[in-house]
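K.L.:
Listed below are the residues making up each chain.
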Amino acid sequence: MTNLELAKAANRVRKGIVSSVHSAKAGHPGGSLSAADVYTFLYFEEMNVDPENPKDPDRDRFVLSKGHTAPGYYSTLANRGFFPVEDLLTLRKLGSYLQGHPDMKHIPGVDMSSGSLGQGISAAVGMALAGKMDKKDYRVYTLLGDGEIQEGQVWEASMFAGARNLDNLCVIVDNNGLQIDGRIEDVCSPYPIDQKFEAFNFHVINVDAHNFDELRAAFAEARAQKGKPTAIIAHSVKGKGVSFMENNAGWHGKAPNDEEYATAMADLEKIDAELEKAGEA
Amino acid sequence: MADVKKIATRESYGNALAEVGKDYPNLVVLDADLAGATKTSTFQKAFPDRHIDCGIAECNMVGIAAGLSTTGKIPFVSSFAMFAAGRAFEQVRNSVGYPHLNVKIGATHAGITVGEDGASHQCNEDLALMRTIPGMVVMCPSDDVEAKAAVRAAVEHEGPVYLRFGRSAVPVINDRPEYSFKIGKGEVLREGTDVTIVATGICVATALEAAEKLAADGVSAEVINICTIKPLDEELIIASAKKTGKVVTAEEHSVIGGLGSAVCDALCKAAPTPVCKIGMQDVFGESGAANALVEKYGLDGEGIYRQVKEFMK
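Residue numbers (the working numbering), protein chains in the order written: chain A, 4 to 284; chain B, 2 to 314.
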C-alpha cells in the first residue's frame with residue numbers, strides 16, 4: 004500500500020477506536036491512538052495474515068502485550084476484514100465477543116489472550132521459539148507500552164529472546180511517554196529504552212511512530228536482521244489524531260462523552276478531508 | 002515399611018516424561034535452572050532438542066509455554082511448586098488458564114517433605130491456588146505408579162493441568178496388575194464402615210498405615226485415594242461419607258483450600274458430614290529432615306491414627 008492508502012486506513016482505525024470506546028463508555032483511547040499507525044502498518048502491509056484463514060499455521064503472529072489498547076487492535080482487525088466493523092460498537096458490552104482485553108478464544112485474528120502487562124511478550128517469545136524449533140519462517144510481532152516495560156517479566160523475556168538469538172521476533176515499544184499516573188520518567192523512568200534492549204542483545208531501531216516511510220524501513224531492517232531479535236522503539240504521541248487527547252495522560256483510560264465524541268470525530272473527518280485533498284494533488 | 006520399594010514422585014515424573022516423550026514428538030519440557038532437581042534432566046538426556054532451560058525466570062517460562070502451546074506443542078513447565086504455582090500464579094491464571102491453553106505444569110518439591118530447605122521452599126498452598134482456576138485439572142499422585150500414569154493422562158488431556166510431585170522417596174502402593182488411572186477418578190484402597198479417610202499424595206500411604214492401627218483398635222476405616230483434586234470424584238466421596246458418617250482428609254498441604262476444603266465443598270450440599278482436616282494447620286513449615294517434619298506435623302501413620310482417634314471420640 005502507498006503511504007496515502009496507509010494513512011487513510013489508519014484514520015479509519017482511529018475512527019473505530021473513538022467510536023467503540025465512546026459506545027463502551029470505557030476503554031483506553033490514548034494508547035490505542037498512539038499505536039494506530041503501527042497497528043495499521045503491521046496488518047495492512049507487514050504481516051503475512053489472511054482474514055479468511057486466521058489460524059493458518061504458517062501465518063505471522065501478533066501479540067498485543069499492552070492488551071488494554073484492545074480498541075486499536077480490534078479496530079485494525081475489523082478494518083482488515085477479520086470481523087464486521089459494526090461489531091466494534093459492542094466493545095466491552097455484556098455478551099459481546101469483544102472483551103475489554105484481547106481474548107483469543109472468541110475473537111477472530113487474535114493470536115494470544117493478553118492484558119496483564121508483561122505477559123504478552125513471553126507468549127510471543129514462545130511462538131518465536133516454536134518457529135525456530137519447527138524450522139518455520141513465520142515472524143512474531145509484539146507491541147508493548149513504554150509504561151509496561153516497568154514490568155520485570157518484560158526483561159526476563161527479552162533476556163531469553165536475546166540469548167536464544169530469536170531473529171524471527173520483533174518487539175515494538177509504543178513510546179508515547181505517558182502512563183496512567185503521568186509521564187513515564189516521573190513515575191519510574193524506563194529510559195534509555197533503546198540502550199536497555201541493546202544490552203539484552205537486541206538490534207534496536209528508533210522511529211517516528213507516525214511516519215510510514217520510517218516504519219517501512221524499520222520493519223524491513225528487522226526482517227533482514229540475522230541472529231538477533233529486533234526492538235523498534237516507536238516514538239509516538241499519545242492520543243494522536245484527536246486534538247484534545249494528544250499528549251494528555253488523562254485520556255489513557257477514559258471514554259469521551261457525546262460532545263467530546265463529536266469533536267474527536269470532527270478532528271478525524273478533517274484528517275480524512277486533508278488526505279483526500281492530498282490524493283487529488 | 003523398610004521392605005517396600007520407595008521412589009520420589011519427581012523421579013517418576015522425569016522418567017515418565019522421557020517415556021511419554023517417545024510417543025509425542027510435540028511434547029516439550031521447560032525448566033528454570035532446576036532440571037537436576039525436578040528430574041526433567043532425564044527427559045533432557047533423551048530429547049536434548051526438546052528441553053528448554055529458561056534460566057531462573059519462572060513467570061517468563063510459563064508465558065513461553067503458553068506461546069509454544071498456541072503452535073500445537075504440548076509444553077510441560079517445571080519448577081518447584083513454590084515458584085510454579087506461587088510466583089507464577091498470575092501467569093498460570095492469565096496466560097494459561099484464561100485462554101485454556103494446553104500447558105502442563107509439573108511442580109516438584111511440594112509440601113514440607115522438601116525438608117531442610119525450610120519454609121521458604123515448602124509450598125503448602127499450591128493446590129489451593131491451582132484449584133481456583135477455571136478449567137484447571139489438579140493432580141497430586143501418591144506414588145511412582147500413579148505419578149507416571151498421571152503424566153500420561155495429562156498429555157492425553159486437552160487443556161491445562163497442574164501436577165504435584167514430591168522431593169522425598171515414598172512407598173510404591175499402586176503396583177498391582179489391575180491398576181488403572183483416569184483423571185477425576187478416586188479409588189477406595191481399603192473398605193471400612195466407621196470413618197472415611199480421604200487422602201492425597203504422600204498421605205495415602207500413611208493413611209493406609211493409620212487404618213491398620215485403627216483396625217487393631219476395632220475401628221473400621223475406609224481409605225480413599227484422591228489423586229485428582231479437581232475435578233474431584235464427588236460421587237465416590239459422598240457415597241463413602243453417607244456410609245461411614247465421618248470423614249477425615251489427609252494432605253501434605255494447608256488445610257485451607259486444598260483437598261480438605263475440596264471434600265468439604267462436595268459434602269456441604271449433598272451429604273453434610275463432620276469432617277476433620279489433617280494437614281498443615283495454617284502454619285509455615287521449617288527446616289528438618291523430611292520424615293521428622295512429617296512426624297512433627299502429624300502426617301505420618303501415627304499422626305493420622307492419633308488425629309482420627311481424637312475425632313472419633
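Heads up, some of the hints might be wrong.
Unchecked claim - Think about it this way: if two alpha-carbon atoms lie no more than 27 Å apart in a straight line, the pair counts; the simulated DSS-like pairs of lysine-lysine are:
1. A:K138 - B:K46
2. A:K139 - B:K244
3. B:K231 - A:K135
4. B:K183 - B:K297
5. B:K183 - B:K314
6. B:K270 - A:K108
7. B:K244 - B:K231
8. B:K270 - B:K244
9. B:K314 - B:K7
10. A:K138 - B:K23
11. A:K139 - B:K183
12. A:K58 - A:K138
13. B:K270 - B:K7
14. A:K135 - B:K314
15. A:K199 - A:K135
The hints are simulated quantities; they were obtained by calculation from the structure and are not laboratory data.
K.L.:
Check whether the Cα positions of K58 of chain A and K138 of chain A lie no farther apart than 27 Å.
P.N.:
Cα-Cα ~18 Å, so holds.
K.L.:
Quick one, are K183 of chain B and K314 of chain B close enough, alpha carbons at most 27 Å?
P.N.:
36 Å, violated
K.L.:
Taking 27 Å as the top limit, are the C-alpha atoms of K139 of chain A and K183 of chain B close enough?
P.N.:
36 Å, violated
K.L.:
Going straight from one Cα to the other, do K231 of chain B and K135 of chain A come out at no more than 27 Å?
P.N.:
35 Å, violated
K.L.:
Keeping to a limit of 27 Å between CA atoms, is the pair of K135 of chain A and K314 of chain B held or broken?
P.N.:
Since the Cα atoms of K135 of chain A and K314 of chain B sit roughly 64 Å apart, the hinted pair is violated (cutoff 27 Å).
K.L.:
Starting from K314 of chain B, check that the Cα of K7 of chain B is at most 27 Å away, please.
P.N.:
34 Å, violated
K.L.:
For K138 of chain A and K46 of chain B, compute the direct alpha-carbon distance and say whether it is at most 27 Å.
P.N.:
It holds: about 22 Å lies between the C-alpha atoms, which stays within 27 Å.
K.L.:
Compare the distance between the alpha carbons of K270 of chain B and K244 of chain B with 27 Å, and conclude whether the hinted pair is satisfied.
P.N.:
It holds: about 16 Å lies between the C-alpha atoms, which stays within 27 Å.
K.L.:
Within 27 Å, alpha carbon to alpha carbon, are K244 of chain B and K231 of chain B?
P.N.:
23 Å, holds
K.L.:
Could you grab the alpha-carbon distance between K199 of chain A and K135 of chain A and see if it respects the 27 Å cut-off?
P.N.:
Distance of about 25 Å is within 27 Å: holds.
K.L.:
For K270 of chain B and K108 of chain A, compute the direct alpha-carbon distance and say whether it is at most 27 Å.
P.N.:
33 Å, violated
K.L.:
Does K183 of chain B pair with K297 of chain B here, judged by a C-alpha cut-off of 27 Å?
P.N.:
33 Å, violated
Checked against the numbered hints listed earlier, the structure breaks hints 2, 3, 4, 5, 6, 9, 11, 13 and 14; every other hint is satisfied.
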